[in-house]
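I would like the entire structure built from these sequences, with the hints used as guidance.
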Amino acid sequence: MLKYILKRILQMIPVFLGVTLLLFVLRAPGVLPGDPVRMITGERAISDELRDQIIEANGLDKSLPQQYVIYLNNLAHGDLGESYQKQRSVVDILADKFPNTLRLAIAAIVIEIFMGVGAGLISAIKQRSFSDVFVTLTTSVLVSVPVFWLGMLLQMFFGIVVKDWTGGAVSLPISGMSSSNYPDWMHLILPAFTLASVSSAYVARIMRSQMLESMGQDYIRTARAKGLANNAVVRKHALKNALIPVVTFIGIDFGVMMSGAILTETIFSWPGVGREIFLAIGQRDWPVVIGGVIMIVFAVMFINLIIDVSYAFLDPRIRYGGAAE
Amino acid sequence: MADSHNPHLPHEHDENPLTHGELEDVDGHPVKDSGSLNPVAPFAGGDIGELGTGAPRTLWGDAFRRLRRNKLAMIGLVWLMIVVIGTFSADLWVPTYFADPYTPAFDSLEPPSFPAHPFGTDKLGRDVFSRVVYGGQISLTVGIVAVSISLFIGLIMGALSGYYSGLTDSLIMRTADVFFAFPYILFAIALMAVFRSSGSEFGKSFWPVFIAIGILGWPSIARVFRSSILTVRENEYIDAARAMGAGDLRIMFRHIMPNAIAPIIVYGTMSVGGAILSEAALSFLGMGVQPPEPSWGLMLSEAKSLMFAAPWLTLWPGVAILTTVLSFVLMGDGMRDALDVKMKD
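Just so you know, the sequences run in chain order A and B. Going by the numbering used here, the first residue of the first sequence is number 366, and it counts up by one from there. Going by the numbering used here, the first residue of the second sequence is number 739, and it counts up by one from there.
It should be emphasised that the hints constitute simulated quantities derived from the structure, not laboratory data. Since this is a predicted model, take the numbers as computed values, not measurements. Where a beta carbon is used, it is the ideal one built from N, C-alpha and C, also for glycine. Mixed in with the good hints, there may be bad ones.
Covered stretches of chain B (in silico footprint by chain A; criterion: 3 or more residues with CB under 8 Å from a CB of chain A, positions within the stretch not fixed) [as the list claims (entries may be wrong)]: (1) 877–884; (2) 902–916; (3) 1016–1022; (4) 1038–1051.
Structure representation (structure tokens):
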């Protein structure tokens, strides 16, 4: 078991180096727009002397390989550099935004689990019923909808239509994270549903197909043959085996959501990591962008590792087989 | 997936409940299938009386016949044909009946009115309907070109990786892992920033968008193709071909490719929808197609500040994206069922 975990961690290293290298190349002078010194000083005229100092202080005078090694070294010490725009370290900035992103992600994942798994199960158990057709159609639409458009429609619906119908009695906050009119948790509702929408559709589809697949297996027939009630067959035998891919998907999705959902956060002015990185791109604040992406990549990889390892615990075939692929 | 994730759409799930008419056993009774479709089903379907008469039935002919019976896929196909013909022939009919999509006019933010402005006008007084029609050209072009780029790189990489295992395989698959580790939208934005930085003609054209979306799509294609090849490679007829002295290239192109391509067709179709969504998202964030081009995503971005004053600006471009992408998804679903492809990541 320990060997398997070590192997998985070793496999992560080249990927992580590849990611950092790619990001470093993107950041190297002449590749990304803008003079790095200008980024730091803004439009003010500066003396050549000050310019040299800035270059030296930021290690910009060193050769690129040297800069890369310094960069990796800093990374290993948890230092993602200083923001060009704000007089703060990138780690501080991201740490500020991360709790907001986490809150949104947890809310969205809870919605995703209930809606996705529920819809998929109903759809599979009552195959070809009205509910099945309904779920299939809805999920097809949801995977085709642009997330940001869905967010805008929800804002219009709850910001205008519902408010007008009920004479202002019922409405939902449509942007930001807190306001004087609503309790804080209500601000979560629309962004969380928007963020969960597409994922729920995928979860429902995977859940349905996995259930159908496992319902067709021999052990299900055996369970039925020995006289087990339908309910028990579904719950004890089919569902358990169908859940693995669903849990994988939800796990990975959680990793992705933790990295911040640029589109959802932008639409709802949710001050999370994704929006911060997006704003930083606009300001060409590359240390924030790159630091943010590295944090995200690390989070996603870490969650994947946890998922893989937990499967190896659950399923001996993964531990011993060549299933590391 | 969350919206910052790779939006390539396909995912494993079972065949569509609306298309069950296509699955029949030899007596014409619907087969209560459960995801484990019999690989010879294509030859058992349909009227048994046809056997031995007429032209030989091929896998592709059968698949096409089943696709034609899939109502949803056909709705998708018809809608796509309308969109393709309508948008690419726009020069022939839009100027005659509607305003030019680029020319500003004084009647800004007019609500929809028939027949002059069926979708209303935007804040510069441009006709939203003709902008949506011309926007279709951009979306479809981005979808097709970007996916072609993904296919070009992905098929080569997937073929190399699947055919030559060992170091080549590891190298390519680890590179794919690096791509997968990135948050999709952020990666696309970063690429766009790099492409745009030069300020050249290239940076202003559509090519950065094609390339950014195309490059990010190859790892998925490569993985699907690789696993498909790995399955085919184990067949005895491959050994037979090798025993008869066929070379690598011949085995690859004559024996493996034709049998491994079905998942790619399904995946490619759905990917076009995914690429259209990506373009919309990039343009919405201001990192895709640049104004004054009537890209659907860009129109939504312009509509954002006017969401409450002029809701029609938000409504129609979104409907256009949704219906177009949905058509690709429905067609992809239909093809997957017709070709009996199992999509597994």
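Now the hints, each set against the structure:
no. : hint      : verdict
1   : 877–884   : violated (count 0)
2   : 902–916   : holds (count 5)
3   : 1016–1022 : holds (count 3)
4   : 1038–1051 : holds (count 6)
Checked against the numbered hints above, the structure breaks only hint 1 and satisfies the rest.
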